[in-house]
Amino acid sequence: MKAAGLIFSDSYDVALNEMTKARTLAALPIGGRYRVIDFTLSNMANAGIDNVGVVTTRNYHELMYHIRGGTVWDLDKKRSALTFLPPYAADNQSDMYHTRLEALQTHRRWISRLTEKYIVIVSCTYIGNIDFDKMIRFHEASGARITALYTKNPMFKSGGQRLAKFTIGVNNTLTNVDIVYELQEGDAFGVNCYVMEVADLLKLLDETKREGKNNLVLDVLQPLAQAGEAVAYEAKETMLFMDTPSDYLKSSLKMLDRETLDELYENPARPIITRARDSAPTRYGETAVVENCLIADGVRIEGTVRNSIIFRDVVVKKGAVIENSVVMHDAVVGEGAHLSYSILDSRVVVNDGRFLGGYITHPFYLEEGTVI
Amino acid sequence: MSSKKKCIAMLLAGGQGSRLSPLTKKVAKPAVQFGSRYRIIDFSLSNCVNSNIDTVGVLTQYQPLELNDYLGTGEPWGLNLRFGGLHVLPPYQAETGADWFKGTANAIYQNLAFIERYDPEHVLILSGDHIYKMDYSIMLDEHIANDADLTVAVIDVDISEASRFGIMNTDDKGRILEFEEKPAHPKSTTASMGVYIFKTSALKEYLIRDEADPESKNDFGKNIIPAMLADNRRVFAYLFAGYWRDVGTIGSYWQTNMDITGDNPEFVLNDPSWRIYYRHIHNRPTYFGTTGKVHRSICGASNSIYGTVEDSIVNDNVLIEEGAVVKDSIILSDCIIRKGAKIQYAILDAKVEIPAGCKIGGDKDKYEITVISNEDKLSAGQTVKAAAKK
Numbered sequence: 001m002k003a004a005g006l007i008f009s010d011s012y013d014v015a016l017n018e019m020t021k022a023r024t025l026a027a028l029p030i031g032g033r034y035r036v037i038d039f040t041l042s043n044m045a046n047a048g049i050d051n052v053g054v055v056t057t058r059n060y061h062e063l064m065y066h067i068r069g070g071t072v073w074d075l076d077k078k079r080s081a082l083t084f085l086p087p088y089a090a091d092n093q094s095d096m097y098h099t100r101l102e103a104l105q106t107h108r109r110w111i112s113r114l115t116e117k118y119i120v121i122v123s124c125t126y127i128g129n130i131d132f133d134k135m136i137r138f139h140e141a142s143g144a145r146i147t148a149l150y151t152k153n154p155m156f157k158s159g160g161q162r163l164a165k166f167t168i169g170v171n172n173t174l175t176n177v178d179i180v181y182e183l184q185e186g187d188a189f190g191v192n193c194y195v196m197e198v199a200d201l202l203k204l205l206d207e208t209k210r211e212g213k214n215n216l217v218l219d220v221l222q223p224l225a226q227a228g229e230a231v232a233y234e235a236k237e238t239m240l241f242m243d244t245p246s247d248y249l250k251s252s253l254k255m256l257d258r259e260t261l262d263e264l265y266e267n268p269a270r271p272i273i274t275r276a277r278d279s280a281p282t283r284y285g286e287t288a289v290v291e292n293c294l295i296a297d298g299v300r301i302e303g304t305v306r307n308s309i310i311f312r313d314v315v316v317k318k319g320a321v322i323e324n325s326v327v328m329h330d331a332v333v334g335e336g337a338h339l340s341y342s343i344l345d346s347r348v349v350v351n352d353g354r355f356l357g358g359y360i361t362h363p364f365y366l367e368e369g370t371v372i
Numbered sequence: 001m002s003s004k005k006k007c008i009a010m011l012l013a014g015g016q017g018s019r020l021s022p023l024t025k026k027v028a029k030p031a032v033q034f035g036s037r038y039r040i041i042d043f044s045l046s047n048c049v050n051s052n053i054d055t056v057g058v059l060t061q062y063q064p065l066e067l068n069d070y071l072g073t074g075e076p077w078g079l080n081l082r083f084g085g086l087h088v089l090p091p092y093q094a095e096t097g098a099d100w101f102k103g104t105a106n107a108i109y110q111n112l113a114f115i116e117r118y119d120p121e122h123v124l125i126l127s128g129d130h131i132y133k134m135d136y137s138i139m140l141d142e143h144i145a146n147d148a149d150l151t152v153a154v155i156d157v158d159i160s161e162a163s164r165f166g167i168m169n170t171d172d173k174g175r176i177l178e179f180e181e182k183p184a185h186p187k188s189t190t191a192s193m194g195v196y197i198f199k200t201s202a203l204k205e206y207l208i209r210d211e212a213d214p215e216s217k218n219d220f221g222k223n224i225i226p227a228m229l230a231d232n233r234r235v236f237a238y239l240f241a242g243y244w245r246d247v248g249t250i251g252s253y254w255q256t257n258m259d260i261t262g263d264n265p266e267f268v269l270n271d272p273s274w275r276i277y278y279r280h281i282h283n284r285p286t287y288f289g290t291t292g293k294v295h296r297s298i299c300g301a302s303n304s305i306y307g308t309v310e311d312s313i314v315n316d317n318v319l320i321e322e323g324a325v326v327k328d329s330i331i332l333s334d335c336i337i338r339k340g341a342k343i344q345y346a347i348l349d350a351k352v353e354i355p356a357g358c359k360i361g362g363d364k365d366k367y368e369i370t371v372i373s374n375e376d377k378l379s380a381g382q383t384v385k386a387a388a389k390k
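These protein sequence lines map, in sequence, to chains B and C. Letter by letter, the first sequence follows residues 1 to 372 of the working numbering. Letter by letter, the second sequence follows residues 1 to 390 of the working numbering.
Same shape as in the complex, but just chain C:
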């Protein structure tokens, strides 16, 4: 067994995810449930394992309890290894003081000792809030072939959306000439996915320099990449052509969930060559009663369904009683939907109970999405009206 890794991954999982509230009220964004059986972080972790990257540092900060429990020793992803594997890296107290992670770059800076322990030639930096299947080993090969100091994974986005992203302008060899964070007038549609591979030496150099600058926001997009471009370092773009979504908002979270449903889903999860691994809750298969109906939907395990489910995602251990109708909605784990309740274009947080006869939400073409938190108390027959579309 060698005492060195070619490439290790650092997964940024500390963000608060306030735009996903109330789903992120007590849970870090990477631990939010997705696609009935998964947590958002499963996609990045599984991509690592499927790309032969077996050492992953997960940087946590906000509401880490459920995330830490979920990650455990990394066994569900095959990351419980003697040398390498999954390591949770929380903020810590050091001799010279204790610091929260100030920004994405600072989070990595504070964990340089972890990186050094594995002496990798390259470091892959990932976000814990993206839904995609990506083979990082292809990107790594290109990064090495280009002798790049930094390779930024990019995706071609619609010009109307380009100003939401970090936009790259490249030459015909893929070398990045210019980088603009969320430009008002984007010059291209090549958007950063927040997936970076650094040559370890370059990463260290720029992190140390960034840390010394009190004016810096300690952010990869805002500070590190512009600094490297300014120094004319070898920074390349790697174009990723597959499905990739940032599920940072309630709207994108809902749409991305829906992208896995239907007879020909836009994002196919049932892919034996690229399994997405997850921690199992060890429960029975889903039971459908004689009155149960389900169309164009995804349902997890241990559910009991006596009502109607259409165009929806139902997570695990959910009870949907007779006469209840769930349409265009996401029902997270351990929810109970009583007799005759109607749920339309809504997201139910985990452990929500909808009493009999309640009406939640409205037509998805006319109204905004309705989100029910598990702190909301509903009474039988209550109507929760959706807000009119803006």
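So here's chain B without its partners, still in its complex pose:
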């Protein structure tokens, strides 16, 4: 029951603005020391998936730098590998792909060389500790051609974007997919995560390509659903989304909730792995105050941090107060500076005495390297 994995790493249907200007959503730092894709890569590695393709389109430098060969997830093995799948990599494709289905059609060659029976396809747009092994076994037992993952509780998923709402019949049969723009409580929301047989996927790719079709949900999932050949698999795990800066802040702060924290990180069989940075341990000074926060390595804290996430190698100087905020790696918060509902990207410098603040619905965001 061996499965390969394929990850869409582009920022589909999100409005993160400057946060994803120089990187894709998959490479967005989150949770003090992680990138969004760490969760998907770890979920795959923990399910025994060790042949993984990462589909990229643009802005993938930071992602490649982060993942490298996938060694830290044990994905760089003699007989399997992590493979980046950038555009123009296929001999028959002269045009840039724009949709997930076009990307799959382009990377047909990589898929056709897989020796695994199944493939798990994931759109890297959420974080969670998802048991893919269970989902693959569910698919195998169902006899369906496709299994689509859904959640009834997409945390901090804002509307406004195209959302796939599932109608589910008896025996978990997926009967219909609607594209909607708002979700109601209890709706089954499809997250673009599928299990299929590799051979069947290749067949569907050839058919859709011949017919000029380009939409994975409408041209692949929906016809299979209507033909009674699709099933829906409910992820009971917490899934946190970050389509807007406000959702990003809410999802980040949700990790301060002990249950969420334990579910994400304290499962010994399913660790979340990220690339090491060899930061020195964090030093707390004479005047440090830390309450309800997550603090990574290499940090120096002499100020006050409440309800916040502090990434690696951040400096919080004396008298600084950080509340309800996310401070990414290598940022410096000067003496007496105050941050509230703010997101500081990497290497931001907030000089002494600055007062910065937003609101939970409109966090104040500073781009990478800004000096203020």
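A few of these clues could be false.
[Stated by the list, open to error] Below, computed lysine to aspartate or glutamate pairings styled on EDC-like, alpha-carbon distance capped at 16 Å:
hint : chain 1 : residue 1 : chain 2 : residue 2
1    : B       : K77       : C       : E75
2    : C       : K293      : B       : E291
3    : C       : K327      : B       : E286
4    : C       : K385      : C       : D365
5    : B       : K317      : C       : D263
6    : C       : K293      : B       : E286
7    : C       : K217      : C       : D99
8    : C       : K293      : B       : E302
9    : C       : K5        : C       : D119
10   : B       : K318      : C       : D263
[What the hints assert, rightly or not] Sample of chain B residues at the chain C side, in silico, Cβ under 7 Å:
hint : residue
11   : G32
12   : P281
13   : T282
14   : E291
15   : I295
[As the list claims (entries may be wrong)] Here are the computed distance ranges between Cβ atoms for each label pair:
hint : chain 1 : residue 1 : chain 2 : residue 2 : range
16   : C       : R117      : B       : E18       : 52 to 58 Å
17   : C       : E322      : B       : Y65       : 38 to 44 Å
18   : B       : R258      : C       : E368      : 35 to 41 Å
19   : B       : G186      : C       : G323      : 38 to 44 Å
Simulated from the structure, these hints should not be mistaken for lab results. All residues carry an ideal CB built from backbone N, CA and C; glycine is no exception.
Given chain B, work out where chain C should sit, using these hints.
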């Protein structure tokens, strides 16, 4: 790629470290945790890599399981190379018999074949139990400029401590005239750090000669260096001015850990130009609850802190419950400190659980340090009194 190295390192990591017991009961001294994220050996290994020495033989003997696991293929230090890199060198069985390493010199002697494989001009000999940041390449340059057969790294120590060390007397050019191992009446304060660079030819010559002497203790300090001085070989001292500590005793281990804490620590670890690399355990950042308090301390990753931590080192994956107080202490990985427990001037070995309401240790000015091993079984509310200061 060349088939030769200019200088390789041999790292002595086989000592039992009995004076660090019980921390070394099941773990070799170089693998003992230090400074919350590190093992003691990380400092020597990182110094090698930062000094452009990419071939390191690690000589192991005592309790090697955890040390070997920790070293692995050398990947955390960038020492997983095709030619060179990190090699663990345990004692082995040969055609003519099987020998444990009899002394520091004998350990190197038994691994001359490893050295020959890289055909280096110089060999750096290191100990796996020192905490320091040192650029060996500067020492190597001086060693080469002096055309030395042996260069011994030395540090200036307080005269009151000098009799604990090997003491060198040098001329004004740094050439060593006399060497005394732990002298009762030291003539100088220039102490050997146990860091040597040998010209490979001289090293081989003296190791072979030392091995042939059945009376020898097969020790660099006691035998090899005196023999070279007696022959008037070119033996030089290299004065190292930075922070250096031997963490061979519980007292020095505690103090050295404390030297990295505070707003202006005596030993700065957060140095981007001289990173100390370590094997990661891949866990989440540390979580502080709303009742958590921490001052003048170092905390690693994946801890959950609801209690108070002051002037202490907390390693990884430690739970400190509400109302618990940790002061002047070192808490190694995977410890649990239950509600209301008080820990003062103590070291908790890895995987120790302190039940609720326990009182461990005492004021550091009045009492000796208290060490709790993971074989000690404590019950709720129990008091472990510290011994009065000698």
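Structure-based check of each hint:
no.: 1; hint: B:K77 - C:E75; in the structure: holds (15 Å)
no.: 2; hint: C:K293 - B:E291; in the structure: holds (8 Å)
no.: 3; hint: C:K327 - B:E286; in the structure: holds (13 Å)
no.: 4; hint: C:K385 - C:D365; in the structure: holds (14 Å)
no.: 5; hint: B:K317 - C:D263; in the structure: holds (11 Å)
no.: 6; hint: C:K293 - B:E286; in the structure: holds (11 Å)
no.: 7; hint: C:K217 - C:D99; in the structure: holds (15 Å)
no.: 8; hint: C:K293 - B:E302; in the structure: holds (12 Å)
no.: 9; hint: C:K5 - C:D119; in the structure: holds (6 Å)
no.: 10; hint: B:K318 - C:D263; in the structure: holds (10 Å)
no.: 11; hint: G32; in the structure: holds (4 Å)
no.: 12; hint: P281; in the structure: holds (4 Å)
no.: 13; hint: T282; in the structure: holds (6 Å)
no.: 14; hint: E291; in the structure: holds (5 Å)
no.: 15; hint: I295; in the structure: holds (5 Å)
no.: 16; hint: C:R117 - B:E18: 52 to 58 Å; in the structure: holds (54 Å)
no.: 17; hint: C:E322 - B:Y65: 38 to 44 Å; in the structure: holds (41 Å)
no.: 18; hint: B:R258 - C:E368: 35 to 41 Å; in the structure: holds (38 Å)
no.: 19; hint: B:G186 - C:G323: 38 to 44 Å; in the structure: holds (42 Å)
In terms of the numbered hints stated before, the structure departs from none.
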